[in-house]
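Order-wise, the sequence lines are chains A and B. Residue numbers for the first sequence follow the numbering used here, so the first one is 1 and each next one is one higher. Residue numbers for the second sequence follow the numbering used here, so the first one is 1 and each next one is one higher.
These are computed hints drawn from the structure, not numbers from a lab. Heads up, a few of these hints could be off.
Claimed, not checked - Here are a few chain B residues that face chain A, going by a calculated C-beta distance under 10 Å:
1) 3
2) 14
3) 58
All C-beta atoms, glycine included, are put in the ideal place defined by N, C-alpha and C.
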Amino acid sequence: MPFDPDTGIGGTAGRFPPTRATIVAGLRGGDASERDRAIDALASLYWKPLYKHVRIRWNRGNEDAKDLVQGFFAHAIGKEALEAYDPSQASFRTWIRLLFDRYLANETKSSSRLKRGGSQRALAFDEAERELARQAVDTSLPPDEMLYREWVRSLFSIAIERLRAESSERGRQTAFEVFHAYDVDRSEGERLSYADLAERFGVPETTITNHLSAMRRRFRETALETLREATASEQEFRAEARALFGRT
Amino acid sequence: MWLSDETVGRLQQIGTEPDLAGTKYRPVRELARGGMGTVWIAHDEELDREVALKVLRPELSTPEAAARMVREAKIVAALEHPGIIPVHDVGSLRDGRVFYAMKLVRGTTLEQFRESGPTRAEALRAFVRICEAVAFAHAHGVVHRDLKPGNVMVGPFGEVLVVDWGVAKLLRDAPQTISPSPPHDEHQTRDGTVVGTPGYMAPEQERGEISLVDERSDVFALGAILRFLLGEAPAPPPLASILGRAMHAQPESRYPGASTLADDVVRFLDGLPVSAHRESHLERLARWATRHRTLLSLIAAYLMARFLVFLWIDR
Chain A
1 MPFDPDTGIG
11 GTAGRFPPTR
21 ATIVAGLRGG
31 DASERDRAID
41 ALASLYWKPL
51 YKHVRIRWNR
61 GNEDAKDLVQ
71 GFFAHAIGKE
81 ALEAYDPSQA
91 SFRTWIRLLF
101 DRYLANETKS
111 SSRLKRGGSQ
121 RALAFDEAER
131 ELARQAVDTS
141 LPPDEMLYRE
151 WVRSLFSIAI
161 ERLRAESSER
171 GRQTAFEVFH
181 AYDVDRSEGE
191 RLSYADLAER
201 FGVPETTITN
211 HLSAMRRRFR
221 ETALETLREA
231 TASEQEFRAE
241 ARALFGRT
Chain B
1 MWLSDETVGR
11 LQQIGTEPDL
21 AGTKYRPVRE
31 LARGGMGTVW
41 IAHDEELDRE
51 VALKVLRPEL
61 STPEAAARMV
71 REAKIVAALE
81 HPGIIPVHDV
91 GSLRDGRVFY
101 AMKLVRGTTL
111 EQFRESGPTR
121 AEALRAFVRI
131 CEAVAFAHAH
141 GVVHRDLKPG
151 NVMVGPFGEV
161 LVVDWGVAKL
171 LRDAPQTISP
181 SPPHDEHQTR
191 DGTVVGTPGY
201 MAPEQERGEI
211 SLVDERSDVF
221 ALGAILRFLL
231 GEAPAPPPLA
241 SILGRAMHAQ
251 PESRYPGAST
261 LADDVVRFLD
271 GLPVSAHRES
281 HLERLARWAT
291 RHRTLLSLIA
301 AYLMARFLVF
311 LWIDR
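Take these sequences, add in the hints, and give me the full structure.
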């Protein structure tokens with residue numbers, strides 16, 4: 001069996017083939033529509049972590065934070081900015097945070113901020129506000145650590161939504177619902193047995209364990225595919241995968 | 001979609017689950033993490049039973065580590081003894097990581113056993129069983145090198161199992177059946193490498209003198225385990241001498257192997273003189289008295305009866 005000498009998480013080469021181009025490659029590409037798609041992908045993963053970052057770290061009001069996040073994706077991310085990115089210096093996530101902080105500093109310095117134009121993304125800021133109200137944010141965390149936690153939350157949300165769509169396409173809704181009920185929806189301290197789920201879904205317990213096993217595997221693969229798109233190099237992907245799933 | 005911190009943690013945990021697709025196992029839950037691998041409880045779908053599955057940790061997944069793991073599985077599989085955990089199966093996951101399946105032990109560690117407050121005799125009998133398992137490995141040319149309370153499981157009926165043979169060393173006279181292929185020399189630990197656990201490691205292990213490590217290094221660790229089992233209370237002189245000999249700084253002054261150590265502990269349990277201790281006349285008398293307590297009681301009862309009869313006649 002071929003063996004990957006660096007890590008088992010990403011598997012042997014090509015084990016988790018990138019289904020979509022990576023964000024960095026898209027941003028660097030010459031095609032405008034390709035760049036737009038990359039910015040969309042970047043925004044879907046980062047808008048919420050960055051919004052929370054500006055609300056908590058920069059102590060900005062929600063209206064201001066909305067404008068700044070929208071402005072960042074509309075103006076600050078582009079081919080020119082990407083040229084300054086050196087993967088050997090920082091992870092792509094850290095670089096995005098530094099770019100965002102620089103953007104915020106410039107915007108703050110400018111006494112008469114220009115009215116921001118460009119396309120406004122449909123981002124659910126109200127939802128992010130509700131999350132901030134219910135989550136206990138540890139403000140003593142270093143900025144990168146806080147952003148990392150929100151980024152993981154965002155990455156998993158995207159992976160779950162992709163898994164939901166894929167399951168629906170393949171007629172595996174029940175398997176997804178079992179996974180969602182047991183691994184995603186279950187609240188702290190809630191006692192939920194396989195027997196409870198078997199009764200709820202009207203299937204034998206063995207079917208529940210099979211569904212869970214298959215969906216957990218697909219979740220892991222989907223999360224890694226999403227991660228691969230969000231990293232700038234194979235090396236970074238492996239390091240991030242280790243941190244995400246291989247931490248001891 | 002809102003994911004709480006708890007859900008994120010749960011999903012991260014799921015991500016660490018070994019991908020067992022293509023094997024007959026299904027992960028149930030993580031049991032423990034060791035230096036080289038993570039042990040999972042898995043369900044064997046064919047035999048419908050739970051097993052312990054040791055999977056190489058992702059971040060350590062190198063060809064060398066994989067070879068070590070296979071070697072460990074082969075060593076343990078070759079040691080068929082009731083005191084050594086049986087290995088059922090070895091294989092590779094889809095991502096190339098090596099795993100092996102072994103019996104799922106439903107017991108407690110030796111640490112928990114001691115906390116349960118066994119009598120000294122119970123503790124010593126458990127210790128003798130540990131020695132017997134290790135002696136069996138020694139007879140097959142295998143030195144464990146990391147014996148400690150955490151690597152000994154105690155079953156509900158007092159049976160013991162020595163686990164985690166991940167850093168075991170094959171001695172030159174190990175039988176061919178447990179010599180891994182390709183040649184194991186390249187995977188052997190080199191001099192200068194410290195293998196073991198502080199507090200249980202023999203001095204030669206602490207100094208990294210790997211070439212000097214042999215059965216007597218395990219004897220030292222067994223002595224440390226015995227000391228752990230006996231706790232804080234002062235040990236009787238023969239037992240203290242057994243400890244002193246087992247944990248002697250010089251390997252040549254220790255017991256030559258686990259079986260001679262076990263013999264001495266059994267002799268102590270039976271009230272016989274032990275090889276490690278030269279007893280005084282008083283100690284010999286005390287031991288003789290303890291060993292023949294029943295006989296002495298009978299004689300005392302007889303003498304008392306005679307005395308009473310004498311008094312009665314005399315009246």
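So, going through the hints one by one against the coordinates:
1. 3: With a minimum Cβ separation of about 5 Å from chain A (threshold 10 Å), the hint on residue 3 of chain B holds.
2. 14: holds, 5 Å
3. 58: Status holds, d = 4 Å.
Violated hints are absent here; each numbered hint is respected by the structure.
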